[in-house]
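Peer 1: The primary structure of each chain is shown beneath.
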Amino acid sequence: MPEKFEEIVSIISQEKIAEGIYDMWLGTEEIAAHAKAGQFVSVYCNDGTKLLPRPISICEVNKEEKAIRLVYRVAGGGTAEFSQMKAGETLRVLGPLGNGFTLGEKSAFLIGGGIGIPPMLELAKELNCEKQIVVGYRNDELFLVDELKQYGEVIVATEDGSVGTKGNVLDAIRENGLKADVIYACGPTPMLRALKQYAAENDIECWISMEERMACGIGACLACVCKSKEKDHHTNVNNKRICKEGPVFRAEEVEL
Amino acid sequence: MNMKVDLCGVTLNNPVMTASGTFGSGAEYSEFVDLNKLGAVVTKGVANVPWPGNPTPRVAEVYGGMLNAVGLQNPGIDVFCERDIPFLKKYDTKIIVNVCGHSTEEYIAVVERLRDQPVDLLEINISCPNVKEGGIAFGQDPKAVEAITKEMKKYAAQPVIMKLSPNVTDITEMARAAEAGGADGLSLINTITGMKIDIHRRNFVLANRTGGMSGPAIHPVAVRMVYQTAQAVKLPIIGMGGIMNAEDAIEMILAGATAVSVGTANFANPKVTEQIVDGIRDYMEMYKVADIKELIGAVHDR
Ligand SMILES: Cc1cc2nc3c(=O)[nH]c(=O)nc-3n(C[C@H](O)[C@H](O)[C@H](O)COP(=O)(O)OP(=O)(O)OC[C@H]3O[C@@H](n4cnc5c(N)ncnc54)[C@H](O)[C@@H]3O)c2cc1C
Ligand SMILES: Cc1cc2nc3c(=O)[nH]c(=O)nc-3n(C[C@H](O)[C@H](O)[C@H](O)COP(=O)(O)O)c2cc1C
Ligand code: FES
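The listed protein sequences derive, respectively, from chains A and U. For the first sequence, my numbering begins at 37 and goes up steadily by one. For the second sequence, my numbering begins at 1400 and goes up steadily by one.
Warning: the hint list may mix true and false statements.
Derived DSS-like pairs: lysine-lysine, alpha-carbon spacing no greater than 30 angstroms straight-line [what the hints assert, rightly or not]: (1) A:102 - A:52; (2) U:1403 - A:122; (3) U:1595 - A:86; (4) U:1488 - A:86; (5) A:122 - A:167; (6) A:102 - U:1488; (7) U:1403 - U:1595; (8) U:1670 - A:86; (9) A:267 - U:1436; (10) U:1595 - U:1489.
Just so you know, the hints here were simulated from the structure itself, not pulled from any lab data.
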């Protein structure tokens, strides 16, 4: 049975939820039914000069409505094109892709930095355990905070100190004396690196979602690798494909 | 209506194949395309031992194309023979193994290892712009092209297709050298060396600084080179470079290609190879072409 689907999906709604951040629900045939937290989709541009699909994390899944939600930042031409689209228009999407998070029952930190926050929403929904959701933003342009609050305690950090702890997600964890047995994280590489170290020092399990430039998105082209501690079964070298074996890895498995 | 073509003595069900490095060994794309519908699968370049490839970022999008500097990461010939060949044998398609190496000895080691394998054709990559030694060094000097071709012919059990680089002044010179060395066929074009700079960070986008350009922006260059090569040598040619749809594939065949390889287009549309086969069939019906061989090299002046 195939697990990945290329579909023309229709935009159910699109809304700007913070400066440069857009929130889009897509109606799918099969993708929603097969999607889980931590997976992503490849979104193709309509502009034919832009050939490569844009990888975007699945922020939320609504299986009843067969819908998936993407929350994304306008970073360049492709995401700018998506942000101009309206309800009723269509996009070509491939997914769900990647492995997704491995769910457990231990008390968990869900940590998102910036545009790494969206996948934490579906994860918070799917995880059935004690959750502390720590999210870091640049400034007071917050997004998804109220929705995350439905699923656990939310702790906010901002770089400029305008909301919550001034600093990053680790500053917020330390300032509030928070503790948990497992970390699930997505965000910029320096944040992931710091969390990997924090997890090692405190001897806690740590899962991180990684990012790399992609071409095929399905494991064929070897564009998107990261260095791994062990020899990977597929590549037979110390490289793992982020689009296939990832994007979620045990922090100690990969180099950052 | 006949879509079968003869490539170096091997009959392909149709002329549509995959371009090396863009399709792995077919396993991933088999979720989207029926490999039985393709003329052949051309595998990612494989060396005698595993290669880790280049640091990331390995790809960058450019206007109408992309740059890649994957650096020929591959699991080595042993894993390839144990895993990838048996996988492809399950399908009614031909298997073309793309071979890479840093030195003549390394190329020979792979070709020898493949002697008793159920592989239909070998495509020897002497044109990769992304590895420091080997690769393109063999492909930019006609004497070196002839010498490596001779060596391959000495050790290979299967017909040998030499894959040429467009990063040369005169591609026909390289094509003639390969023919003189005894090549059974030619593949062209590999990627065109390019560069992309991030003006905000003022750095190179690719870790390797330079990368090979592919995609629709290089298609006219590829068509021209296939045409010139077809005029210069008698060998069958596999045409590639920016084929995005059946029209592009037919253009390549009219320029003189016996078969075509589809690369970057897979990234934009995972089902494209199968769609190109269907599109060529539609074209043949529309123009009442009974045999696809009538189209090979059929371009003429207006
Ligand atoms: C697994 C994964 C999940 C992601 N999830 C999200 C998400 O949920 N929300 C969100 O806003 N962004 C996410 N991103 C980042 C997003 O893919 C890029 O912001 C987007 O591709 C930029 O495209 P563009 O055309 O707007 O920018 P441009 O800079 O014009 O893009 C040019 C090329 O670079 C690639 N590219 C640029 N930035 C990135 C990047 N950071 N990562 C990978 N490729 C990049 C593009 O895909 C394109 O091929 C994710 C990336 C990955 C790898
Ligand atoms: C990501 C990528 C990896 C490639 N790897 C190889 C390779 O391993 N060996 C090879 O001979 N050519 C390789 N190529 C070149 C292609 O086979 C092809 O010659 C070139 O991309 C032009 O065709 P296209 O425009 O259809 O992609 C690679 C191209 C790309 C884009
Ligand atoms: S993007 Fe092609 S292997 Fe991951």
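Peer 1: All the hints need checking, so say for each whether the structure fits it.
Peer 2: Hint-by-hint comparison with the structure:
| no. | hint | result |
| --- | --- | --- |
| 1 | A:102 - A:52 | 22 angstroms, holds |
| 2 | U:1403 - A:122 | 46 angstroms, violated |
| 3 | U:1595 - A:86 | 15 angstroms, holds |
| 4 | U:1488 - A:86 | 35 angstroms, violated |
| 5 | A:122 - A:167 | 35 angstroms, violated |
| 6 | A:102 - U:1488 | 38 angstroms, violated |
| 7 | U:1403 - U:1595 | 41 angstroms, violated |
| 8 | U:1670 - A:86 | 18 angstroms, holds |
| 9 | A:267 - U:1436 | 34 angstroms, violated |
| 10 | U:1595 - U:1489 | 41 angstroms, violated |
When held up to the earlier numbered hints, the structure conflicts with 2, 4, 5, 6, 7, 9, 10 and fits the remainder.
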